[in-house]
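J.: Chain order of the listed sequences is A and B.
All residue numbers for the first sequence refer to my numbering, where the first residue is 1 and numbers rise by one.
All residue numbers for the second sequence refer to my numbering, where the first residue is 1 and numbers rise by one.
Hints are supplied without guarantee of correctness; some may be wrong.
As the list claims (entries may be wrong) - Computed cross-link-like contacts, DSS-like style, restricted to lysine-lysine with a CA-CA straight-line distance of at most 27 Å: (1) K74/B x K58/B; (2) K147/A x K74/B; (3) K58/B x K209/B; (4) K139/A x K167/A; (5) K74/B x K184/A; (6) K58/B x K7/B.
Worth flagging that the hints you see were computed from the coordinates, not collected in a lab.
Computed from a predicted model, the values in this text were never measured in an experiment.
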Amino acid sequence: MGIIEAKNLVHEYIIRDEEGNVESIQTALDHMDLKVEPGQFIAVLGHNGSGKSTFAKHINALLTPTEGTLIVDGMDASDEDNTYAIRQTAGMVFQNPDNQIIASVVQEDVGFGPENIGVPTDEIWERVERSLKSVGMWKYREHSPNKLSGGQKQRVAIAGVMAMEPKCIILDEPTAMLDPDGRKEVLAAVHTLNREKGVTIILITHYMEEVVDADYVYVMDQGKVVMEGNPRGIFSQVDTLQEHRLDVPQITLLAHELQRAGLPLADGILTREELIDALERIVKGR
Amino acid sequence: MAFILDKVSYRYSEGTAYEMTALDQVSLQIQDGEFIGVIGHTGSGKSTLIQHLNGLLKATEGAIYFNGQDIYDKDYDLRDLRTQVGMVFQYPEHQLFEETVFKDVCFGPKNQGLPEKDVTLRAYEALRSVGLPDKYFDVSPFELSGGQKRRAAIAGVLAMKPSVLILDEPTAGLDPRGRDEILDLIAEMHVHYGNTVILVSHSMEDVAKYVDRIIVMDHGHVMFDDVPREVFHHYRELEEIGLAAPQVTYLMHEMQERGLDVNCDATTVDEARDAILQWIGNQR
């Protein structure tokens, strides 16, 4: 059984005028189907306005379905009685780290979540230690978040979610505001959580390079899943991705261009090593 | 010559316990019509640097000349500098505020004191040049999509016809197509109007693809200042300061390390493709 299962999921934003009359209805999710197994690292791609953030907000019950069902760890997200349990199961990390950090000391920020749900004090401190260590930020526990870099702040935000001991973390463009180093740090932290703690990861991103190591990829457009598969399968379809306003990693694009220039290369080359090996074979084969 | 920076230093909170040097004796020249990329990790001083160019920050030490005039001279009109040096901040759509897209774009030229007819013409021209369809002119800017909002915000700066356009990460948060559209637009306008463009970016791939010259900032110093090919040759040093080279540059260097004698200068996909095809051709 999947940890997250969307069946025919529909979400409509209803736009009302000043008197409260319905002015227009915008369908953000249009009969979407998706299934995530526990422990998977999932990437969700899609252009701005494709519905991926709307979907993400359903997973921790910030939004509820207009039609269809969404099951999170066996709980129906449409049932309001499940809201709190769902939010403890699925934690969310947003784009801007500055909007998510509230305390003036790192360790207090991480302890805020568990304190709010009434975890005993001793256990709060254990959770703070475990979470900060899992993202490599333990030595900054007494720092002020203001003095941290973007990547460090984002890792503190992830630790704050980890302290709630969720089974699943949804990250909505967590690296959009970070420099190359910050992006690397955050991605490495998320992969460690997935590998070592078995946390299910749902990563929403516009950076194709970040998708290469995911287990499975969903591509959304107009509120629907339009492509799904492993990264290699998805990135072999350069033209289809571009139709959905997306891209492929730079190395994949280069391989595609070389292929078009007549070199016998396979589809969906993802890494530099793969490409060099393939080029070497071409030359030696002559 | 658009700008000369002569030993410019800037210290935040000078004289307090929190004093921090953000720019340290930076000397630079920027010629009219250049397309420059500024890269550096968070806190390297790149935002501080560009905020000096339109007088938002005043250097603690040193001098800045714009078109031959000292901008810190007491008779110098900073208003004039700010109309000539247009700045598009990060997430510029957060600065949209008017009732309609058209009114929002009119705000800048109106503030410059232009007659109403000119204001209207400029707003039309700017909105056309960013490719926003006419049907959106009279809608609230808040009803636009993310990419459209950003175009509207950029149009607001373009309507002032700045001779120098500075953009601080104009594509953060946009999808790949939106990113290409905005950068293509900036590059086209650069060719068309010959204005000076300074692009601050975290994407090495974008910088390599569009600019003619890269300024690398680190700890308030200019670490490298050269054409992309030369700057990205220093990829190891760039990594040490939290940056990187484009993926294709790594590829070329790794090929050479494996004994494949390919030209390592490529910084874009097209250049890498040509270099690899040439190398393959040489193997015959």
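J.: Given the hint that K58/B pairs with K209/B, does the C-alpha gap stay at or below 27 Å?
T.: Cα-Cα ~32 Å, so violated.
J.: For the pair we were handed, K74/B and K58/B, check the Cα-Cα distance against 27 Å.
T.: Holds, because 13 Å separates the two Cα atoms, which is no more than 27 Å.
J.: Given the hint that K139/A pairs with K167/A, test it: the Cα-Cα distance must not exceed 27 Å.
T.: Status holds; Cα separation ~25 Å.
J.: Hey, K74/B versus K184/A, does the alpha-carbon distance stay inside 27 Å?
T.: violated, 47 Å
J.: Is the hinted pair K147/A and K74/B satisfied, with a Cα-Cα distance of at most 27 Å?
T.: This hinted pair is violated, its Cα atoms lying about 36 Å apart.
J.: Is the straight-line distance between the alpha-carbon of K58/B and that of K7/B 27 Å or less?
T.: Given pair K58/B, K7/B holds - Cα atoms ~13 Å apart, limit 27 Å.
In summary, the structure is inconsistent with hints 2, 3 and 5 from the numbered list given earlier, while agreeing with the others.
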